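Q: Please model the complete structure; the sequences and the hints are all you need to start from.
Chain by chain, the residues:
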Amino acid sequence: MKMEEKPLSGPDNTRLEALIQDIYSELVEDACLGLCFEVHRAVKQGYFFLDETDQDSIKEFEIVDQPGVDIFGQVFNQWKNKECECPNCKRLIAASRFAPHLEKCLGMGRNSSRIANRRLASNNNISKSESDQEDNDDLNDNDWSYGAEKKAKKRKSDKNQNSPRRSKSLKHKNGELGTSISLDPYKQYNYNAGISFESLGPNEVRSLLTTQCGVISEHTKKMCTRSHRCPQHTDDQRRAIRLRLLGPSVPTLPDADVEGDSFDVPDGQALLSCLQWEDSPDISPTDSASSKASTNHSDSRRPKKKKSALSMNSGGGGVNLTGVIGSSAQSNISLSTKKKKPKTAAPSVSSIYDELN
Amino acid sequence: MNKESRLKARVNQKLTETGERDRLKELLRAKLTECGWEDQMKAQCKEVIKEKGLEHVTVEDIVLEVTPKGRALVPDSVKKELLQRIRAFLTQHVS
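Those sequence lines, one after another, are chains A and B.
So the first sequence is residues 1 to 357, counted in my numbering.
So the second sequence is residues 1001 to 1095, counted in my numbering.
Hints in this document: simulated from the structure, not taken from any laboratory.
As the structure is a prediction and not an experimental result, all values here were calculated from the model.
Do not rely on the hints blindly, as some may be mistaken.
Some chain A residues close to chain B (C-beta under 7 angstroms, calculated; not the full set) [unchecked claim]:
#1 20
#2 23
#3 27
#4 32
#5 36
#6 39
#7 40
#8 42
#9 69
#10 71
No residue lacks a Cβ here, since even glycine has one placed at the ideal position from N, Cα and C.
A: Below you can see the structure in the form of structure tokens.
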């Protein structure tokens, strides 16, 4: 609908402006009036002054505007470094670690039952194999410790006890050794975590060294699980490790016949005596059952003493001792003449040679 | 001036019909609240109330005291914007 008035021109402009001003002041007055009515109603209804309390409270809860402090006046992360005393074990735990610690300490919560089950399962097998175990308590509070990892791996392997996969992986891991020497299934999965050579028997050590680099890292005291071509370690290191763990007769696989023939005759007996169990209490029946040749699984723990014993055995290794060892392997000859020296690396040596031949 | 008053009447009619008046009102209110005008006004009202006494204050009292101050307290930016909008509306709808 169009206006009938004339189009805009000079005088009309001022009229227009005046009009605009009028409209504007109308609007503003409307707003003011609206406000006044609101206020008046609030006063009469009694809620106008509600947001004003006494002066003291206002001062107390005033917004704080200082640096380093939030608007309530609290210091940020002041509880970060505090330590709390655990009501259960009475230890002082860092605040950020307190909740997980309590979970394990009190035995409640999702993880603690899982850990307990795992521990029970591994404890049953630990009594059979002689691996060192740290205090479980320490492991509880140390989520990243090797022990916890090992348990995790053990648990995994627990599940696969009867599955066909297990034998597959065993074959694969043992390389040429075949399934006759079955490693402790738990140790199987430790390959990935790095292996503490102390906890493995000579059979396992041997099989590991044939497939892996095996050099023991200074930092972690674990064997390198990479291949023989691992760039981090030299062949010299690998040889040294094998020397150390298995004896001078098996430095590298090709160098088999080192001190061969001179030790022919006496070796038979020496060999037999070397096939003895070192310390009977240390040995568990399952361990012996797991390997064809009788092995001293604590072999790896006493590297220093090996050399003297093994030097005798090496000769035996050079000659075809399979027959001798085969027969003697079946029997457990108790320690008589030699106290702690004899190492059962002889059978391990021979079986490596078997494999080579 | 008859024409002028007629013009004015027309304009007002237009404003109301198109809903522009209401829009402008809302806009103004929002802007005034935003810039703190409303809080200032409330403070003024409080003073008046304290002056006159809580029980006996009337609407007229408040209105009379507060409105001129209110008009003066409107910030310039708000005023300019509003004028702008009105002008635009008029030029759009007039001829």
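Q: Each hint should be assessed against the structure and marked as holding or not.
A: Quick rundown of the hints versus the structure:
1. Of the supplied interface hints, the one on residue 20 of chain A holds, with its beta-carbon coming within about 5 angstroms of a beta-carbon of chain B, less than 7 angstroms.
2. Look at residue 23 of chain A: its Cβ gets to within about 5 angstroms of chain B, closer than 7 angstroms, so that hint holds up.
3. Because the smallest distance between the Cβ of residue 27 of chain A and any Cβ of chain B comes to about 5 angstroms, under 7 angstroms, the interface hint for this residue holds.
4. Hint status for residue 32 of chain A: holds, given a least beta-carbon distance of 4 angstroms to chain B, under 7 angstroms.
5. For residue 36 of chain A, the suggested interface contact is upheld, since its CB lies about 5 angstroms from the closest CB of chain B, less than 7 angstroms.
6. Using the Cβ-Cβ criterion of 7 angstroms, the hint placing residue 39 of chain A at the interface with chain B is satisfied: the shortest such distance is roughly 4 angstroms.
7. Given hint, residue 40 of chain A at the interface with chain B, holds; its Cβ is 5 angstroms from that chain's nearest Cβ, closer than 7 angstroms.
8. At its closest, the beta carbon of residue 42 of chain A sits 9 angstroms from a beta carbon of chain B; the interface hint therefore is violated under the 7 angstroms criterion.
9. Taking 7 angstroms as the C-beta cut-off, the interface hint given for residue 69 of chain A is violated, the closest approach to chain B being about 27 angstroms.
10. Given the 7 angstroms rule on beta carbons, the hint for residue 71 of chain A is violated: about 20 angstroms separates it from the nearest Cβ of chain B.
Violation of the numbered hints given earlier is confined to hints 8, 9 and 10; the remaining hints are satisfied by the structure.
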